[in-house]
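Protein chains in written order, with the working numbering: chain A, 1 to 388; chain B, 1 to 224.
For the record, the hints were derived by calculation from the structure and aren't laboratory data. There may be inaccurate statements among the hints.
[Claimed, not checked] In silico DMTMM-like links for lysine to aspartate or glutamate, alpha-carbon gap of 20 angstroms or less:
#	chain 1	residue 1	chain 2	residue 2
1	B	K118	A	D152
2	B	K162	B	E205
3	B	K49	A	D152
4	A	K283	A	E260
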Amino acid sequence: MIKRLAVRTWTILASLQVTIVSLALLMALVVLCTLAQTELGTLGAVNTYMRSMVVWRQVQGIPFRLPLFPGGALVGLVLVVNLTAALIKRFEFSARRLGLWVVHAGLILLVAGEFCTGAFQVDTRMTIEQGQTVDFVESYHQMELAVTDVTDPSHDVAYGIPDTLLKDGAAIALPGTPLTFKVQRYYVNATLARRGENDPPSPATMGVGANVTVTPQPPATADNDVNAASVFVEPVAGGRSYGTWLVSAALGAPQTFIHEGRSYALAVRPRRYYLPYAVTLKKFSHDVYAGTNIPKNFSSLVHLSNAATGEERDVLIYMNQPLRYQGRTFYQASYGKGDTLSVLQVVSNPGWLIPYLSCALITLGLLVHFGITLFNALKRRQVLREAV
Amino acid sequence: MRKFNQKPGIDQPGRVHAGRLPVLAVSAGMLLLGLGCDRDQVSRSNVPKEAAPSMPPAGMPPAGMPPGAMPQGAMPPGQVPAPPQPRAALKWSVPKGWTEAPGSGMRFATLTPPGGGKVELSVVVLPGTAGGEAANVNRWRGQIGLPPLEEPGVAAARKAVKCKAGTVAVYDFTSEGDVKSRMVTGLLATADGNTWFLKLTGDAEPVAKAKPAFMKYLESLHLD
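Modelling step: build the complete structure from the supplied sequences, incorporating the hints.
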C-alpha cells in the first residue's frame, strides 16, 4: 500500500502535467505581479507575488487573510522538484538523451538562481557629493536603529540594529557594551507632530519625543517613497534605565545620553553597510546633445582608496559601465543638487553567476539535442538512399 | 532629484570552470548560508567622525535640541547649517589657558579647558524659552541617566550667578556609576528674547577642576 502510494507520488512529481501547470502558474503570476505594481510598488509586488510561498489577500469582513494564489517561491520549488524528479526518472545513460539532461539541469539552475537572488541579493545606494568621501552604502528599504559611541575624539563606533530585530517587547544587547535596548513600540512608518494639549501623553520620557505625537502610517509602497520608521526605545545599562526615547527617521539630529563616561547618539536611518574602502566623487558629468536638453551621458569620476591593499585609482562610472569591486557592483543610478551630487546603485549578489551558467547550459543542451537529432535524420536519409 | 532608467545587471567579476560545477554549487550553497546568517545581526564598525548633524525636516525640532526649539528654516538633508547669529551676541572673557573654537552646526562656540581629560564647554543659543527651564533641566539629567525632577526639585537645584547680561541659572549634576559624568550648565535668558545654554560637560574629575574657572566665565558674560 505504502509502496503503491510512493510510486504514485513519484509518478505525479515527475509528470509533464506538473511542469505545464507550474509554467502556466508562473505566467499568471508574472501578469498579476505586473498589475499589482501600481498598488504595491515594484518591491512590494515582487515580494508579495514572486518571493512568497502563498499570495495572501485581506478580504473585507474577514478578520484573517485568505490564500489567493500559490506564490512564485512555491511554484518555483515545485518546478525544481518536478524537473529533478523527471531527470532522475527518465535518466537514461545514452548519448541520445545527453542534450535533454543538460537542458533540464540548466532550467533547475535557473530557478535555483532566482531563489538565491531573492534570498541573498542586497540592493543599496551610495549618495555622494562632489569632493565628498564616503565609506558606506545604504539600504533602499531597510532601516536601522543606529547607536553611535561618539566619545573618542578621533573616531566613532557605530552600532546598527536592523529593523528586523526591532520587534515590540524585544531586548537587544549591544555587543561589547553594557547597553541593552528595550523596544517598547516600533512603527515601520509614521508621521510625527507636535503634541497638542488634548493629545494623550507620549510614551517617551526623555528627549524630544516627550513633546511629539506619533501617528502610525501604512508602509510606503511607491518606489520613491521612504518609510519614516520610528521607535520608542529604552536604553538600560548597569541596572539603570536611561528613560524612554522616541527615535525616528523623521527627526534630524541624533539624541545623546551618557553612560559611564561614554556618550551614545541615537538615530533611525537607512541601514548602513560600511565598506573596507572609501570612494571620493571627483566629478559628476551630465552631458546633453548639442543645442538640446536631451541627456546624452551621465558619468561619475570617482577615486577608489583602499588602505588595506594600498590601492589608489580613479574609475569612471557611466551608463552600463559599472565599477565592480570586492563583490559589489556600482552603477550610475541618479543625480541631483544641480549636477553636483551622484547616486550610485550598489548591488551585492553572491549568486550573480547562476543565471549565466544556466543560460549557457540550456543553450548547450539544445544545440547538442538538435545536433544529435539532425545527425540521426541525416543518417536515416543516407540509409534510405542506399536502400533505394 | 531626478531619475533616469538603467537596469542594473547581475554580473560580478570572477571566473568559473564548468567542470567544477557540482563542487562549486555545494561550496556556494554553504557560503550563502554563512552570508545569510549575518543579515539580522547588530553590526559594529569603527568609522570616521561625521560632520555636524543636518537640520530636521520642516516643522520638527532637531532631535538633540531642547524640547521647544524650532528650526530656523529647514535645509536639505546633508547640509550643515551655519552657526546661529543672534541680534545681540553674548561676549565673555576666555579663562586663562582655555582655548576657544568657532561654532559649527547648532553651536555658537566651543571652549576647552586646559589639562586634558574629557571636558568641554559648549555655547548654544536658541530663540524664545526653548521649551522652558524645567524641561531642559530634566533633559540634561536624562542624558546622564538621572531621573527627572519635579518643579520644586528644579528650584532647589538652581543656583543664581549675576553677570552684566542678566542672571544665569546654574545647575550641577553628576551621574552614578563607576565612571561618573558631570554636567554644570548655565541658562541665561537675554532681553532680546533668546535663551543661551552654557554647558560644561565631561568626566567628573576634569569638570570639577574646570568648574571654578567656568563660574568666573559665567560672571564675565555681557552683551555687546
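Exercise. Failing hints, ascending?
Worked result: Violated hints: 2 and 4; rest satisfied.
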